[in-house]
Amino acid sequence: MFSMDNEPKVVVVTGASSGLGRSCADYLAGCGYRVYGTYRRTAIEGAGFEPLVMDVDDEDSVCGGMRRVLDAEGRIDVLICCAGYGVAGSVEDTSIEEAQAQFNTNVFGVMRACRAVLPHMRQRGDGLIIIISSLGGLISAPYHGLYCSSKFAIEGLAEALRMEVERFGVRVSMIEPGDFRTGFTANRVGCRECGPDYRECYEKSVREMARSEQNGADPVLVARLAQRIIESGNPRLRYPVGPRFQLLAPVLKKFLPQGVFEKIIKSFYKID
Numbered sequence: 088m089f090s091m092d093n094e095p096k097v098v099v100v101t102g103a104s105s106g107l108g109r110s111c112a113d114y115l116a117g118c119g120y121r122v123y124g125t126y127r128r129t130a131i132e133g134a135g136f137e138p139l140v141m142d143v144d145d146e147d148s149v150c151g152g153m154r155r156v157l158d159a160e161g162r163i164d165v166l167i168c169c170a171g172y173g174v175a176g177s178v179e180d181t182s183i184e185e186a187q188a189q190f191n192t193n194v195f196g197v198m199r200a201c202r203a204v205l206p207h208m209r210q211r212g213d214g215l216i217i218i219i220s221s222l223g224g225l226i227s228a229p230y231h232g233l234y235c236s237s238k239f240a241i242e243g244l245a246e247a248l249r250m251e252v253e254r255f256g257v258r259v260s261m262i263e264p265g266d267f268r269t270g271f272t273a274n275r276v277g278c279r280e281c282g283p284d285y286r287e288c289y290e291k292s293v294r295e296m297a298r299s300e301q302n303g304a305d306p307v308l309v310a311r312l313a314q315r316i317i318e319s320g321n322p323r324l325r326y327p328v329g330p331r332f333q334l335l336a337p338v339l340k341k342f343l344p345q346g347v348f349e350k351i352i353k354s355f356y357k358i359d
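Residues 88 to 359 in our numbering are what the sequence shown spells out, letter by letter.
Some clues are possibly wrong.
To be verified - In silico lysine-lysine, DSS-like type, Cα no more than 27 angstroms apart, as pairs: (1) K341 x K357; (2) K353 x K340; (3) K350 x K291; (4) K291 x K353; (5) K350 x K340; (6) K341 x K353; (7) K357 x K291; (8) K340 x K357; (9) K340 x K291.
Claimed, not checked - Have a look at the derived ranges for each label pair, beta carbon to beta carbon: (10) E184 x A273: 15 to 25 angstroms; (11) V307 x A273: 16 to 26 angstroms; (12) D158 x F342: 47 to 57 angstroms; (13) F332 x V307: 14 to 24 angstroms; (14) R254 x F348: 30 to 40 angstroms.
Hint data in this document are derived by calculation from the structure and do not stem from the laboratory.
These numbers were taken from a predicted model, which means no experiment stands behind them.
All C-beta atoms, glycine included, are put in the ideal place defined by N, C-alpha and C.
Go ahead and model the full structure; you've got the sequences and the hints to work with.
Listed below in structure tokens is the structure:
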């Protein structure tokens, strides 16, 4: 948990007001790291870390937030990108504006945060970026296509970024969670218009997703994994984490005929 000068590592966690971000920020602060947890609207109560107002949707806010940490600490050792939310709805019913908002937070928000810390990390010749992706970045789900596509985009972004910055001493890893018990379920946003041709299957899919999430594992498992990555000398690119049957799904996708795999996914969401 210490940097090369024997001081606690400085960690910035975006989206720390709830969900996996809050779990990571609380856990890492409890382990002795110097943690700054960002939030946009809801003030963070009772945190053991330093709350930091920062909106990943806004370039000036991100740059200003990172600058405040650098001014206070002199460095940022680790960036954990957790800020994000989910849009639910059929691809046809989801408006372009809703899709753009989804990508603005989940993809461009990550990109803004990375761009803000990379000059500092490159100059120091050291740093770690952990991006919270999703198993939904490997397998898409019906009526969650925009959220999953944003995570597919994150997968490609992180894979390229890792190769680009390795020679500067900066490491990039992704955590790919399955379903965990967090506030993500309550914060999911349904598309504004849901046509009658999709409504029944849409409602079933969202209901099954929520049920699976609320029966999921404790998010502290993701926080513990983040710490292991931080302390690893040579972290991998991808770290899937979640229920075993969900971790098996990307393997099945590779080897099963597409039609068979789609039947399994549709059956899971009760829309077959």
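Here is what the structure says about each hint:
1. K341 x K357: holds (23 angstroms)
2. K353 x K340: Measuring from Cα to Cα gives roughly 13 angstroms; hence the hint holds.
3. K350 x K291: holds (15 angstroms)
4. K291 x K353: Given that 27 angstroms is the threshold and the Cα spacing comes to 10 angstroms, the pair holds.
5. K350 x K340: holds (11 angstroms)
6. K341 x K353: holds (17 angstroms)
7. K357 x K291: holds (6 angstroms)
8. K340 x K357: Since the Cα atoms of K340 and K357 sit roughly 19 angstroms apart, the hinted pair holds (cutoff 27 angstroms).
9. K340 x K291: Holds, at about 23 angstroms.
10. E184 x A273: 15 to 25 angstroms: Once the Cβ atoms are compared, 22 angstroms apart, the range 15 to 25 angstroms for A273 and E184 holds.
11. V307 x A273: 16 to 26 angstroms: holds (19 angstroms)
12. D158 x F342: 47 to 57 angstroms: holds (52 angstroms)
13. F332 x V307: 14 to 24 angstroms: At roughly 21 angstroms between Cβ atoms, V307 and F332 fall inside 14 to 24 angstroms, so the hint holds.
14. R254 x F348: 30 to 40 angstroms: The hinted range 30 to 40 angstroms holds for R254 and F348, with Cβ atoms some 38 angstroms apart.
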